[in-house]
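2 protein chains.
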Amino acid sequence: MTKIIENTDKGLGFVETKYFTFGNPPDELKLESGEKLSPVTLAYETYGTLNEDKSNAILILHALTGNAHVAGYHPGEKDPGWWDNMIGHGKAFDIDKYFVICSNVIGGCHGSTGPSTINPKTNRPYGLDFPLITVKDMVTAQSYLVKSLGIKKLVCVAGGSMGGMQVLQWTVSFPEMVATAIPIATSARHSPQQIAFNEVGRQAIMADSNWNDGNYYGKSAPRSGLSVARMIGHITYMSDVSMGEKFGRRVKEEHGDKKFSPDFEVEGYLQYRGDNFVKRFDANSYLYITKAIDRFDLTNGGSLEKVFKAASAVKFLVIAFKSDWLYPAYQSKEIVRACKQAQVDVSYCELNSTYGHDAFLLEVEEQEHFIKNFLRRVSDE
Amino acid sequence: MTKIIENTDKGLGFVETKYFTFGNPPDELKLESGEKLSPVTLAYETYGTLNEDKSNAILILHALTGNAHVAGYHPGEKDPGWWDNMIGHGKAFDIDKYFVICSNVIGGCHGSTGPSTINPKTNRPYGLDFPLITVKDMVTAQSYLVKSLGIKKLVCVAGGSMGGMQVLQWTVSFPEMVATAIPIATSARHSPQQIAFNEVGRQAIMADSNWNDGNYYGKSAPRSGLSVARMIGHITYMSDVSMGEKFGRRVKEEHGDKKFSPDFEVEGYLQYRGDNFVKRFDANSYLYITKAIDRFDLTNGGSLEKVFKAASAVKFLVIAFKSDWLYPAYQSKEIVRACKQAQVDVSYCELNSTYGHDAFLLEVEEQEHFIKNFLRRVSDE
Numbered sequence: 003m004t005k006i007i008e009n010t011d012k013g014l015g016f017v018e019t020k021y022f023t024f025g026n027p028p029d030e031l032k033l034e035s036g037e038k039l040s041p042v043t044l045a046y047e048t049y050g051t052l053n054e055d056k057s058n059a060i061l062i063l064h065a066l067t068g069n070a071h072v073a074g075y076h077p078g079e080k081d082p083g084w085w086d087n088m089i090g091h092g093k094a095f096d097i098d099k100y101f102v103i104c105s106n107v108i109g110g111c112h113g114s115t116g117p118s119t120i121n122p123k124t125n126r127p128y129g130l131d132f133p134l135i136t137v138k139d140m141v142t143a144q145s146y147l148v149k150s151l152g153i154k155k156l157v158c159v160a161g162g163s164m165g166g167m168q169v170l171q172w173t174v175s176f177p178e179m180v181a182t183a184i185p186i187a188t189s190a191r192h193s194p195q196q197i198a199f200n201e202v203g204r205q206a207i208m209a210d211s212n213w214n215d216g217n218y219y220g221k222s223a224p225r226s227g228l229s230v231a232r233m234i235g236h237i238t239y240m241s242d243v244s245m246g247e248k249f250g251r252r253v254k255e256e257h258g259d260k261k262f263s264p265d266f267e268v269e270g271y272l273q274y275r276g277d278n279f280v281k282r283f284d285a286n287s288y289l290y291i292t293k294a295i296d297r298f299d300l301t302n303g304g305s306l307e308k309v310f311k312a313a314s315a316v317k318f319l320v321i322a323f324k325s326d327w328l329y330p331a332y333q334s335k336e337i338v339r340a341c342k343q344a345q346v347d348v349s350y351c352e353l354n355s356t357y358g359h360d361a362f363l364l365e366v367e368e369q370e371h372f373i374k375n376f377l378r379r380v381s382d383e
Numbered sequence: 003m004t005k006i007i008e009n010t011d012k013g014l015g016f017v018e019t020k021y022f023t024f025g026n027p028p029d030e031l032k033l034e035s036g037e038k039l040s041p042v043t044l045a046y047e048t049y050g051t052l053n054e055d056k057s058n059a060i061l062i063l064h065a066l067t068g069n070a071h072v073a074g075y076h077p078g079e080k081d082p083g084w085w086d087n088m089i090g091h092g093k094a095f096d097i098d099k100y101f102v103i104c105s106n107v108i109g110g111c112h113g114s115t116g117p118s119t120i121n122p123k124t125n126r127p128y129g130l131d132f133p134l135i136t137v138k139d140m141v142t143a144q145s146y147l148v149k150s151l152g153i154k155k156l157v158c159v160a161g162g163s164m165g166g167m168q169v170l171q172w173t174v175s176f177p178e179m180v181a182t183a184i185p186i187a188t189s190a191r192h193s194p195q196q197i198a199f200n201e202v203g204r205q206a207i208m209a210d211s212n213w214n215d216g217n218y219y220g221k222s223a224p225r226s227g228l229s230v231a232r233m234i235g236h237i238t239y240m241s242d243v244s245m246g247e248k249f250g251r252r253v254k255e256e257h258g259d260k261k262f263s264p265d266f267e268v269e270g271y272l273q274y275r276g277d278n279f280v281k282r283f284d285a286n287s288y289l290y291i292t293k294a295i296d297r298f299d300l301t302n303g304g305s306l307e308k309v310f311k312a313a314s315a316v317k318f319l320v321i322a323f324k325s326d327w328l329y330p331a332y333q334s335k336e337i338v339r340a341c342k343q344a345q346v347d348v349s350y351c352e353l354n355s356t357y358g359h360d361a362f363l364l365e366v367e368e369q370e371h372f373i374k375n376f377l378r379r380v381s382d383e
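One line per chain: the protein sequences are U and R, in this order. Just so you know, we're using our numbering here: the first sequence kicks off at 3 and counts up by one. Just so you know, we're using our numbering here: the second sequence kicks off at 3 and counts up by one.
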């Protein structure tokens, strides 16, 4: 369990990331592609206390560029984890009741095995020798972590965006380990528009001459390309309305010294977000993870109804946001419809928010309300 | 007038682009920035016959990456002009009645003076020495062309997207020269989301090491960056629905030999469009023109109503498309509302189409119907 160094009434105080390694020969992690990964490390954090019969665990799953640090503070950092307002004492995921785990994904770059990890066969970073991974592979790896903690069944798996895809995959890959599932602002499969935005991001990275077919570790990283990819992402995370409210057509106070320096605040903001992102994210991880979510298709070419029939004991709370145009509500409704057809217990909330896709990170109060009620109802049954 | 080399019943047959040069000292074109441009060439095409009193001319204005070749065929090319289905015998803009002019914009790269033009002061291409231009400058330059043809008043100025911005600017800069205006799928000013998409495109170009601060003429052009910019554009020109209908999640028949080669048809399509675009467009022109439309603000900080009061004799037909999320209908409605407040004669059509922003190029029948009726009505009055 995470050692809570300081526990103020504001939240969780200091927390730390831990690492779980498995998959040493002959027990390599077999990937969906048929390739094997060995060893495999997952970065994770936990909050609250696992009860004696290990029946109060909730698994939180993160989005494309997220990590295991979902709540509390790391020493020396001024921002808390990415969903800190949702996880803590009395919050949506109440650590007075639940033992909350957040696991990073394989393919990532925040402590879990990914393309920037040293390949034990070459003693150099994998780069593009890292095998293609899938959302199913991410979930399979997480199942080892959960089992290693002695947990047979999770009270809940929850997450937004790519986290929601992992949630859906958990209910299909390990239905016996999941009591309830909360997929938020997500999809059972990407539309061509969603694929297109990711592909442009990948092209921007690969167009950067520093990318060098993924062999840039120890040299200059493809910062410009990754920054452009992130800027594209940021536009899709906000809504037309929320951008209008946040920036309007306000011009920057200081214009740079170049002809095409940003004029408008929105341009400066995007550049700032892009520049910040390249400090904390690996370009190859961006390629691998976006590819995994583009290929993700819960139906596997069949029907979604059939898929959920195999998960019929899981209870679902599906949440979508009206202004989210990256993962539009119709994709959540598709999940709800299939659950109903499969006679799965499903609740659906479509929340009014102007924040676009970012709403799943920002609309705390309403999500807390629905999630608490949902968890209360299903635990009473 | 354009020499129509072959006039089949299918359309206009062969047409040719012509060039109008003006602005030699001491009559340089004075730009909004205060800088002067000299000389200035505009590429343009014309179709049909100018009547004796020169009172039957219509000016068509093009979008971001368009050009003067709006209709008919150029020898050796298999595709006709970009709005060929709208301009011809008996079409929306009927060349049996009207003399149709299409003018390229300054800043462009299809025959008009722009950053790739030789700077007479240095005998080398302007590159970033080319002055920043505005939509107003584009329109001012076109006014010289129109006057040079002896035309005092245009029956109509019409165009979609950036063409619509020029239409709006014409009614404000030269209200006495415009009888009617048809701005299509456009805006009186860019929202931060529209600015953001353009800015990411610009960043992609400037991130390309071949860009070299705009000094790439005669060397390798920033093809990768420009291609990424175009791919972003293409996503915004289509709708979620039209992408779904066109591509779904169909995978490409042949997968490239690289790990991150396109899997899906939509990815292959975007790359194809990006690759094609770099053959016909100049990266610096992309920077200059997107900057011009981002800075465009018809209100100039005041009210749109006031602006249209100065154009109160012009009759407007405003057209928008329901699925256009790049230039959403609410922006057209804003124009219509301001026209009404200013007691300007305005009609509004919001057309059902799934094509997104591309609808203005593709939805011929309905546009033809409304445009013909509008032109008939105003000419009867």
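No wet-lab data here; the hints were simulated from the structure. Warning: the hint list may mix true and false statements.
Identical chains blur together in the list; that is why a pair holds if it fits in one copy or across any two.
Calculated lysine-lysine pairs in the DSSO-like style (CA-CA distance at most 30 Å, straight line) [claimed, not checked]: (1) Lys221 - Lys99; (2) Lys38 - Lys254; (3) Lys32 - Lys260; (4) Lys335 - Lys254; (5) Lys254 - Lys123; (6) Lys324 - Lys32.
Only a predicted model underlies this, so the values are computations on that prediction, with no experimental measurement involved.
Results of checking the hints against the structure:
1. Taking the closest pair of Cα atoms, Lys221 and Lys99 never come within 30 Å of each other, the shortest separation being 47 Å inside a single copy and 65 Å across copies.
2. For the homomeric pair Lys38 and Lys254, the shortest alpha-carbon distance between copies (26 Å) is at most 30 Å, but the shortest distance inside one copy (50 Å) is not.
3. For the homomeric pair Lys32 and Lys260, the shortest alpha-carbon distance between copies (22 Å) is at most 30 Å, but the shortest distance inside one copy (51 Å) is not.
4. In this assembly of identical chains, the alpha carbons of Lys335 and Lys254 lie at most 30 Å apart only when taken from different copies (28 Å versus 40 Å within one copy).
5. In this assembly of identical chains, Lys254 and Lys123 lie within 30 Å of each other by CA distance neither inside one copy nor across copies; the values are 50 Å within and 33 Å between.
6. In this homomeric assembly, Lys324 and Lys32 never come within 30 Å of each other (Cα to Cα): the closest approach is 39 Å inside a single copy and 48 Å across copies.
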